[in-house]
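There are 2 protein chains.
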Amino acid sequence: MVKAAILGFGTVGSGVEEVLRTNAALIERRAGTAVTVKYILDIRDFSGTPFENVVIRDFERIENDPEISVVIETIGGARAAYDFTRRALAAGKSVVTSNKELVATHGAELLALAREKNVNYLFEASVGGGIPILRPMLQCLTANRIEEVTGILNGTTNFILTKMLEENVSFDAALRDAQTRGYAERDPSADVDGLDACRKTAILADLAYGREVCPDAIETEGIRGVTLEDAENASRAGCAIKLLGRSILREDGRIWAFVAPHFVPKTEMLANVTGVFNAIRVTGDAVGDVLFYGQGAGKLPTASAVVADVVDAVKHREVRRVLSWEPAPVSDTQDAAPYVADLADMPCAFYVRGEAGDAFGRCERLSADALITQVMPTGEFREKIAALRASGREIHSVFRVL
Amino acid sequence: MVKAAILGFGTVGSGVEEVLRTNAALIERRAGTAVTVKYILDIRDFSGTPFENVVIRDFERIENDPEISVVIETIGGARAAYDFTRRALAAGKSVVTSNKELVATHGAELLALAREKNVNYLFEASVGGGIPILRPMLQCLTANRIEEVTGILNGTTNFILTKMLEENVSFDAALRDAQTRGYAERDPSADVDGLDACRKTAILADLAYGREVCPDAIETEGIRGVTLEDAENASRAGCAIKLLGRSILREDGRIWAFVAPHFVPKTEMLANVTGVFNAIRVTGDAVGDVLFYGQGAGKLPTASAVVADVVDAVKHREVRRVLSWEPAPVSDTQDAAPYVADLADMPCAFYVRGEAGDAFGRCERLSADALITQVMPTGEFREKIAALRASGREIHSVFRVL
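Residue numbers (the numbering used here), protein chains in the order written: chain A, 1 to 402; chain W, 403 to 804.
These are computed hints drawn from the structure, not numbers from a lab. Even glycine gets a Cβ: it sits at the ideal position worked out from N, Cα and C. It is possible that some hints are incorrect.
[As the list claims (entries may be wrong)] Here are a few chain A residues that face chain W, going by a calculated C-beta distance under 10 Å:
hint: 1; residue: 22
hint: 2; residue: 129
hint: 3; residue: 131
hint: 4; residue: 179
hint: 5; residue: 182
hint: 6; residue: 279
hint: 7; residue: 293
hint: 8; residue: 295
hint: 9; residue: 300
hint: 10; residue: 303
hint: 11; residue: 375
Extracted from the complex, chain A is given alone in its bound form:
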């Protein structure tokens, strides 16, 4: 029997307890041993609930209990979670998490500590919620040089964009709807401004290309600038608008990584991912495009991924999972040919709404004031937009086209 501790009994933590309990027989068969929750660490009062005997407030009890071999961190953030994760790993316990902020910012360090202690640090649930993505990308595509990872990584923004495009609802109204349904926080900025997608983009790039990508190095634009006029133009162009987190391997071995709203042609599977669902498209040199789709958040879907990692940690107590990446190259801290390359030479077509005139030569015209450019280097495009604005022309919206 394996005894686990859950840190933080919020949505994901309670989902993990529920899945471990509901599917206990099945999990025991698949893990080769029963997995029980010995402690739940939470500062709230659980007296009178079924959990009153396992809820504790003192992490030291977990840290010092040799019976605990797996710690499930569902606190979130990079403060207490960071401290507890380090201490759990240092105490020789495997740690499983859904915490994208912690993995994106301290993943390399925590993986190194896990390696040193010969335990596992696993975080399938940190990207794509319940969608199997990190392990399939590493294991099943292991024969491939990965060339690009592009995903709809945030369900809240995808819900808002879907409402705007399909129901002609304004950004503000769609956001309020998302908040009413509990998809969006009262302060929605981590979702709406792209930070959540940025962290997940960093983790995907870490694993896909084997080298640490600092979230700060990822140019990130959220969806606040998307208007109903843009939604209408997207429909005219046969596109949806999607917030995409992307990383692309360059020929020189460096990468482009960025988060931005994109026009996505309806012929692309990604354009058909609606509501709170997520999807990640991975391009390998042998396999071509593969796509993984499912619920990117939510209690039970996220718990599904966390518990799969717990089973994996249990089955691999003797053998560490090979899951790691190299630290960020020193050059990244010196601004000399940084590993995450400037977007200036990245070729892309762009959607422009505003007084662009014929600044972009041959274009696809969507309406009197909207067009899609030919593919051009991002730097050249940005210079032209800057020049237009400098000459007093109004440019309302500018988005990439996938």
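Use these hints to put chain W onto chain A, whose structure you have.
Same frame as chain A, now just chain W:
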């Protein structure tokens, strides 16, 4: 260094050699050791090619060479491939394959032999070509009770149906186009009549529910009955037509399993899978729906999955992968409450084209002679169709609605 033998140097076998050679450095890093091809077994003459020194015609050399630890079977079929696979496993070599016919018909026996010899028998490429599906379903969804697996499992039929629906091309013309492009065989029956999808459905059900499903127990209907009138009606109904292989867990622990053309609403991701692409939707009790999409066939995509299994076999030389299912229950051979249940009580809505009159009560009418019924038990629907036909009414087409 690990030495491997490739059996059969056709499309997939040569793709495997190409991927192992092209991505050798990357594969060595990920597998922890180099993987080289020592033998290629093929009866054709390769003199003058780069392979002349490794091509052999005598399987005994592979069987008796202690240096060979992994055998890659890409012969196909269940004759020579069956014999060689048994002998390789018996000789203590792991076997990796893309051979769905062999896995569907002899998988349980070969897995038992592999277990006995403490080696691996791996077949990720047998379903969905390059798409990671079997391993993600087993590992990443391991915390879930799987409730349904529904997939577009055959690229040739999906290409034909896409042509018919999107370009208004007849079945015969679309089939000829598929043959010209090399997607369909000269004798296309294994694809067009659903046998290929049936085998893959069997393998998915074996793994999803842990019990052997004989392909013969899977009611299988191909796409020859789909006409341009049906394609037009599907468009009217906001649907695509897709050949789906499905297995559904019943409340009594038995399953329904079948292959049939379906009307699929465009709001479903599966409806947007076009051309030769495949996709598999897996429903788990915790994760909900997840979907895996990519190229279900082709040289390099299939090789991508085969080589991933090779890497897995190399990394798990000491530890066997837990990959197996129980033999078919005895009842299945006695016709008493068979594990694969009769479809009679499976609820479904149906599309009907023909002189149905008002035999189905309240319906969605698509045209003068086409309708979609309410959800009803399959048995009740079939009785009504039989009665209509017995009374002299012409019923042209009958398909399920997803």
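Does residue 179(A) hold up as a contact with chain W if the rule is Cβ-Cβ below 10 Å? 22 Å, violated
Cut-off 10 Å, beta-carbon criterion: hint that residue 279(A) touches chain W:
8 Å, holds
Does the interface hint hold: is residue 22(A) within less than 10 Å of chain W, judged Cβ to Cβ?
-> 8 Å, holds
Interface hint outcome for residue 375(A) [beta carbon to chain W under 10 Å] = 23 Å, violated
- Task: Under 10 Å, Cβ to Cβ, is where residue 182(A) needs to be relative to chain W, so tell me if that hint holds or is violated.
- Result: 16 Å, violated
Cut-off 10 Å, beta-carbon criterion: hint that residue 303(A) touches chain W = Where the cut-off is 10 Å and the nearest Cβ of chain W is about 6 Å from residue 303(A), the hint holds.
Margin query: Interface hint check: residue 295(A), Cβ to nearest Cβ on chain W, cutoff 10 Å. Holds or violated?
Written below: It holds, given that the least Cβ distance between residue 295(A) and chain W is near 5 Å, below 10 Å.
task = Please verify that hint: residue 131(A), Cβ, nearest Cβ of chain W, below 10 Å or not.
result = Given a least distance of 6 Å, the restraint on residue 131(A) holds.
Quiz item: Are residue 300(A) and chain W close enough, Cβ to Cβ, to be under 10 Å, as the hint says?
Solution: OK, holds: residue 300(A) within 10 Å of chain W, min 4 Å.
| query | How about residue 293(A): closest beta carbon in chain W under 10 Å, or not? | reply | 4 Å, holds
- Query: Quick one, is the residue 129(A) hint okay against chain W at 10 Å, beta carbons?
  - Reply: Interface hint status for residue 129(A): holds (8 Å vs cutoff 10 Å).
Checked against the numbered hints given earlier, this structure breaks hints 4, 5 and 11; the rest are met.
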